[in-house]
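> Chains C and E are the protein sequences, given in the same order. If you count by the numbering used here, then the first sequence holds residues 39 to 331, one letter each, in order. If you count by the numbering used here, then the second sequence holds residues 51 to 407, one letter each, in order.
If you're looking for bench data, these hints aren't it; they were derived computationally from the structure. Glycine included, each C-beta is placed from N, C-alpha and C at the ideal position.
Short derived list, chain E residues pointing at chain C, Cβ under 8 Å:
# : residue
1 : Arg173
2 : Ser176
3 : Ile189
4 : Leu192
5 : Val193
6 : Ser196
7 : Ile366
Residues per chain are reported as follows:
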Amino acid sequence: MTVSLIDLINAIINGVLIGSIYSLIAMGLALIWGVMDVINFAQGDFMMLGAFITYWLLALAGIDPLISIPISFSIVFILGVLTQKFIIEKILHAPLVSQITATFALLLIIRYGAEVFFGPFTRRVSTGYTGIILRYGAISFPLTRGIAFVASIIVTTALYFFLTKTYIGIALRAVSQNRIAAELLGIDVNKMYYLAFGLGVGISAVGGSLLSTFYPIYPEMGAFFCLIAFIIVVFGGFGSVFGAYISGIIIGVAECVSALFIPPTLKDVVAFGLFIIMVLIRPTGLFGAKLGL
Amino acid sequence: MSLKISEIIDLIRRQLYGTRGIIISLISLTLLILPIIFWRLDLPFPANTLLLCLLYSILAMAWNILAGYTGQISFGHAIFFGVGAYTTMILMLYYGVTPWIGMFIGGIIAALTGLALGFPLFRLRSHWFTLATIAASEIFKLVFISWKWVGGAAGLQPPIVPSELALYYLQYAGPYIYIYIALGILGIEIIALYLIINSKTGFYLQAIREDEYAAMSMGINPFKYKMIAMLVSAFFTGIGGGLYTVRYRFIDPFAVFDLITISVYIAVAGILGGIYTFIGPIVGAFIFMPITEYVRAQIVVRFPRYYGLHVFVLGIILAIITLSMPEGVVGWLEKKGLIKRELTLFNPSKLKEDEII
Numbered sequence: 039m040t041v042s043l044i045d046l047i048n049a050i051i052n053g054v055l056i057g058s059i060y061s062l063i064a065m066g067l068a069l070i071w072g073v074m075d076v077i078n079f080a081q082g083d084f085m086m087l088g089a090f091i092t093y094w095l096l097a098l099a100g101i102d103p104l105i106s107i108p109i110s111f112s113i114v115f116i117l118g119v120l121t122q123k124f125i126i127e128k129i130l131h132a133p134l135v136s137q138i139t140a141t142f143a144l145l146l147i148i149r150y151g152a153e154v155f156f157g158p159f160t161r162r163v164s165t166g167y168t169g170i171i172l173r174y175g176a177i178s179f180p181l182t183r184g185i186a187f188v189a190s191i192i193v194t195t196a197l198y199f200f201l202t203k204t205y206i207g208i209a210l211r212a213v214s215q216n217r218i219a220a221e222l223l224g225i226d227v228n229k230m231y232y233l234a235f236g237l238g239v240g241i242s243a244v245g246g247s248l249l250s251t252f253y254p255i256y257p258e259m260g261a262f263f264c265l266i267a268f269i270i271v272v273f274g275g276f277g278s279v280f281g282a283y284i285s286g287i288i289i290g291v292a293e294c295v296s297a298l299f300i301p302p303t304l305k306d307v308v309a310f311g312l313f314i315i316m317v318l319i320r321p322t323g324l325f326g327a328k329l330g331l
Numbered sequence: 051m052s053l054k055i056s057e058i059i060d061l062i063r064r065q066l067y068g069t070r071g072i073i074i075s076l077i078s079l080t081l082l083i084l085p086i087i088f089w090r091l092d093l094p095f096p097a098n099t100l101l102l103c104l105l106y107s108i109l110a111m112a113w114n115i116l117a118g119y120t121g122q123i124s125f126g127h128a129i130f131f132g133v134g135a136y137t138t139m140i141l142m143l144y145y146g147v148t149p150w151i152g153m154f155i156g157g158i159i160a161a162l163t164g165l166a167l168g169f170p171l172f173r174l175r176s177h178w179f180t181l182a183t184i185a186a187s188e189i190f191k192l193v194f195i196s197w198k199w200v201g202g203a204a205g206l207q208p209p210i211v212p213s214e215l216a217l218y219y220l221q222y223a224g225p226y227i228y229i230y231i232a233l234g235i236l237g238i239e240i241i242a243l244y245l246i247i248n249s250k251t252g253f254y255l256q257a258i259r260e261d262e263y264a265a266m267s268m269g270i271n272p273f274k275y276k277m278i279a280m281l282v283s284a285f286f287t288g289i290g291g292g293l294y295t296v297r298y299r300f301i302d303p304f305a306v307f308d309l310i311t312i313s314v315y316i317a318v319a320g321i322l323g324g325i326y327t328f329i330g331p332i333v334g335a336f337i338f339m340p341i342t343e344y345v346r347a348q349i350v351v352r353f354p355r356y357y358g359l360h361v362f363v364l365g366i367i368l369a370i371i372t373l374s375m376p377e378g379v380v381g382w383l384e385k386k387g388l389i390k391r392e393l394t395l396f397n398p399s400k401l402k403e404d405e406i407i
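Turn these sequences into a full structure, and let the hints guide you.
Dropping the structure here:
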């Protein structure tokens, strides 16, 4: 099978664009894991909620998807804080099996709750600009994917400044580095946990809102993205938020480029295969400082 | 294992004395008579549910030796289930091997798959192990979907055989015959797991669960014993897959490698019953399967609009159990003193000096 240079460039560009969405979901996951040592299996489903909020705001109130991003972030942020209060907080010091099953139960409730309440249908967001395709010579990609890429960079930059320049952000990182020392210095760790969980799922919801402009929306859409996000977090190093951004793009490119060479159904196996290889040769991830074993 | 045949018989006989013996005999008798009652009264729904309870008991018991006793929470047991199911089906369909042997070979292939997966997976601990098992089961599903020889996404289906070959190909109408096969498998499994749990190996597994580093410092090789647990667990899960194949006579990757209806159902049955107890998974399966089957068959099948309701109910059950009764039903009854905690029959103090490691 011969692959032309143009196909390859197109695949790389599309990989970067979809990878930036993967990254948003993975960064939320890495943030929650880094601060709280909890793996949120329901991450992909909070993303799905974000996509649905965007859809309903457009369908019911005619709010443009780009304007609904902050709304969907806020709603899911509040949901995240409530989740932290009523579920996660209770299992923080519980045995491992409870930690795993708690967020897994959350996954089932959100995903299948959406299925029951919204119906098992596939929906699409369409506005005036969702059909536009940008072309430059033989290179082309949908406008909405370009918007999503730019937005993901903005969100990541904002997160970077929040975590490095503001007092609360620095406190959050302090908790992630050493919870007891942070507590001794007067940081309210419980509040930081609320913030981390809310922020973590909120960022995923932004990813979901952006995704909804070029991807079908259905209640089980979170399943695939959640797994990809986990792979990215392992790949980028456990708990490393910006490692997650870079490795998200790497995984996106690897997927799109490999789809040129192998049957499309096996495209996702590449990501899972990379994950297994990564676990075998470098369990701490590409950018990992925190030992994940 | 240092147990002799006479000791094994003695061990089992000791379990059958007294009140416990009466209860076990009564339950066994009920389970043996129930299918006949369902058959005579023509009640397919309770019979199907009973079969599912038994199937998930087999699976959850197998899962529990890895999850409950060794502390490695797997959400990827659909891999072994699917491998067992596909092996049985392919042997029957392409090579004419009877499922009586095919199920057993399916178990062996599943156990070998478990060994092969153990090498990468056991490098990870805690959550990350769970996560990697999910990723591995997704890989299996995707590979089987694109693998033409095993039927790809369309799945495999054996032809209907004439009734004189029914015994060879295990094709019977309704669930009634299969209930007895499931009971047989479950009986063998209970005895096998009971012997393992009450041997030195079972003791080591629990030591690894409690504190892996402490176990290592006592000279236990965690990797080796995790592999043993994986082997046993995958073997019985594979046999469960074979049972699924002969009962439903149709398999496709979406059904047998499913994360929710296989891997998570197994785990929920185990957790609901109590993963730190021996009979917990069976109790869990017998509580959980009737509920979810009832919701699925009575509501979801009638009103397809509410697809997913049975899994939603499952999620709520799992959340309640996790938050308010993490030790499971049997564990809770033991804590309240309503059931006597099963004493381990393995007594370390009886070991000779050179036998300890």
